[in-house]
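Colleague: Using the sequences and the hints, build the whole thing.
Here the protein sequences come in this chain order: A and B.
Going by this note's numbering, the letters in the first sequence line up with residues 1 to 407, in that order.
Going by this note's numbering, the letters in the second sequence line up with residues 408 to 814, in that order.
Quick caveat, the hints were computed from the structure, so don't treat them as lab data.
Not everything, but these chain B residues come out facing chain A in the computed CB check (under 7 Å):
hint	residue
1	415
2	417
3	418
4	647
5	666
6	735
7	737
8	762
To spell it out: a stretch of chain A is covered by chain B in this simulated footprint if at least three of its residues, at any positions, have a beta carbon under 8 Å from a beta carbon of chain B; those stretches are:
hint	stretch
9	9-15
10	35-48
11	258-272
12	328-335
13	357-369
Keep in mind the model is a prediction, meaning the values are calculated, not measured.
We treat Cβ as the ideally placed atom computed from N, Cα and C, and that holds for glycine.
Protein chains: 2
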Amino acid sequence: MSIRPHQIAGKNAEKTKAHNRRVVLGYLQGRDAGRAEIARASGLSTQTVSNLMAELEAENLVQPAGRRPSARGQPPLVYHFNAKGAAVLGFEVRPDALTMVVTDIGGTPIVTQHERLAQTSPETVLAQMAQMAGAARETPDYPRILGAGLVIPGPFGVEGLSAAGATTLPGWDPLRIPALAEAALGLPVHLDKDATAAALAEGMFGAAQGLSSYAFLYFGSGLGLGVIIQGHPLRGAFGNAGELGHVVIEPGGLPCDCGNLGCLEQYVSRLSVQRHLIARGLLPADTRGTDATIARLLDVDDNALSDWVDQAAKALSRAIGMLENLFDPQSIILGGALPDGLLDLLIARLTLPLGSVSRREGRSQPRVVRGTSGRLTAALGAAALVIHYTVTPRLDAHPMEQPNAFN
Amino acid sequence: MSIRPHQIAGKNAEKTKAHNRRVVLGYLQGRDAGRAEIARASGLSTQTVSNLMAELEAENLVQPAGRRPSARGQPPLVYHFNAKGAAVLGFEVRPDALTMVVTDIGGTPIVTQHERLAQTSPETVLAQMAQMAGAARETPDYPRILGAGLVIPGPFGVEGLSAAGATTLPGWDPLRIPALAEAALGLPVHLDKDATAAALAEGMFGAAQGLSSYAFLYFGSGLGLGVIIQGHPLRGAFGNAGELGHVVIEPGGLPCDCGNLGCLEQYVSRLSVQRHLIARGLLPADTRGTDATIARLLDVDDNALSDWVDQAAKALSRAIGMLENLFDPQSIILGGALPDGLLDLLIARLTLPLGSVSRREGRSQPRVVRGTSGRLTAALGAAALVIHYTVTPRLDAHPMEQPNAFN
DNA sequence: AGCCTTAACTCAAAACATTTGAATAAAGTA
DNA sequence: TACTTTATTCAAATGTTTTGAGTTAAGGCT
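Modeller: Right under this line is the structure:
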């Protein structure tokens, strides 16, 4: 998370090599390819690519996958990104619970662990994380662990904006935490907020594969937004970009704890459906069984739920138009803690605004898609953070801010 | 303008040097500094910085400015960014006119030229540009010209979204134009839309100096938005990010040509004041003398104008809350073709929403500021584009997409 | 004053990574 | 079979940065 005053670092030969490594790995993450092809795509010489590939193969991050027949000349020896070549740790910290997932660098979960949190002070939680990580690492034959991703609820350093039910974690200063976590875990640590991490995961393994610019609407307790611009997460000056839930979508509408009237979150969020269903006696006040209830109501085409969807779709359509005009993404993805069926219905009922830069001839992507994320979204997103920084050539921020397994 | 499918380039020694050059120049653009200081800030060795400085001095881009007394040890020889060391060309193409400004790399205009356009086909206009540029270059003792910036009205590749009065220029495909312009001018060319270019200019020479993440609301014929994130312009997948004018801010409100109801542009734009004043008989229907009229009405504290400001401030406050929550900028800047007095009044009447990530303790920047731009904003922005790419280390896009004087 | 410490800077050699050019390998084509 | 095309490797050359040993210039201390 680079939210310090912008500082720019110089480059030397080693940094250049690390960059080129990531270029090659990133290319291979997208598709199998021979060395000559990678050289052409990257502008590097074939010799350089050869050298890098030899290293990557020695580290088991890529594997040769036979020769691919081609029109003429010597057929290239294609290489394959080896998803099982290394592992990463993903942690999701919430006010009441800590989730860890270990995935390979293809994003496939290997181990999942969930623990309740009694205290949320950074010291306690980091100690607990270190313990979980230690246990996971003791498994024999474990592939190399490249780093840990850490997802905490945002926004950072702002009072009175958190979603009802969730609270910003006290003491979790995003500037200090990564260094502390690195010390505690003995691994490079990348920190971000849930929606951004989930967006990266969706881009690597989910519905946004192959896209480089997209926005991900993340249904958590509130409504978050992760924006990826040309492969890079958008964070803003203080790490709080994408606070979509508190954008006013219905001026003078429903009041929100934050002080605004008509926040999007009041119309489009898990809490919003729950409130709607509770008010109509369709869900117990403690919200237990929300997903099952929604599934049932969807099945019987329930009117109350349908009403909610109509309202939500209206607000969401407006929000999507706004996002399209502001970010000009290739596509917008909806995912997170809402049943797939409900998301699909929501998308089907959208009436997207006419005045949008996304209404262009010859679109190859739909304007709105449902994500493929499940319950683990945020923790997987944390893991995806690490893979992202392993595989994606960095911007030009100061090295202190973005440590990485390949430095 | 890099709006092709995202492709990532490898780096070699020369690219590394170009990068480091920009790091050094960028640092010096912000403040005078000695070589040791630059080395510390950039992470480069003093030797490398020394070498680069020698080159930059030989090219007259930096100048030594005496020794700065320090606590102990040999006092550093501070270097100064030499604003007069080179020049850049800025072109603004509008459907009816072509403006060229030649500035030094400090952004000070040297020559300004304005011509009406009979035809807007790229060929005709590029020829005209080449002629203007040629004339400007014949002046003797002219500093080296680093490149040309080109600003054209957006959005690109979208029908029915342009501001009333302005039209997207037919045939001006942002993917093809830079190459054509480079051929015509014999200079590296950078192209972008007006609001983004103006935002860069504001960051380099205006109210956003020292900021790295900010949003610039540009009053042209409509309302544009330029977003700078950690020093880099945000463009989106197709170059159309920041189409703020057509964001719906008043659902069900005033109809817009684009098909939406309640576009921000209907409430907050030069056209909107003009319409308001014409309807009240305060301005002739041909809008001549708009600025003088507004100045006069401001002076006498006119009620009709005040009413407009109230309405506009209401819509704008909402829009600003939205931008804050989505982009999390250090500050938001208002500028462009609206009299300073009116902008100041607009800002004074804002009631910024409570639910915003920008409401943080210990802000050092105001949330909203008036820009320092004048009539030439867009053309100066075009010039700023070139300076930006000369001085700011690049992201990792493919080199084909961003030619530059230092390649 | 003279000597020490600190900091900026320079010079020449070494290190690092990429590129270049020639050579080899493997396939289709005439 | 000879030729063309494409992929790959080897060894030498290139470009840039870093390193380590000085040199210069200032303040502080005795």
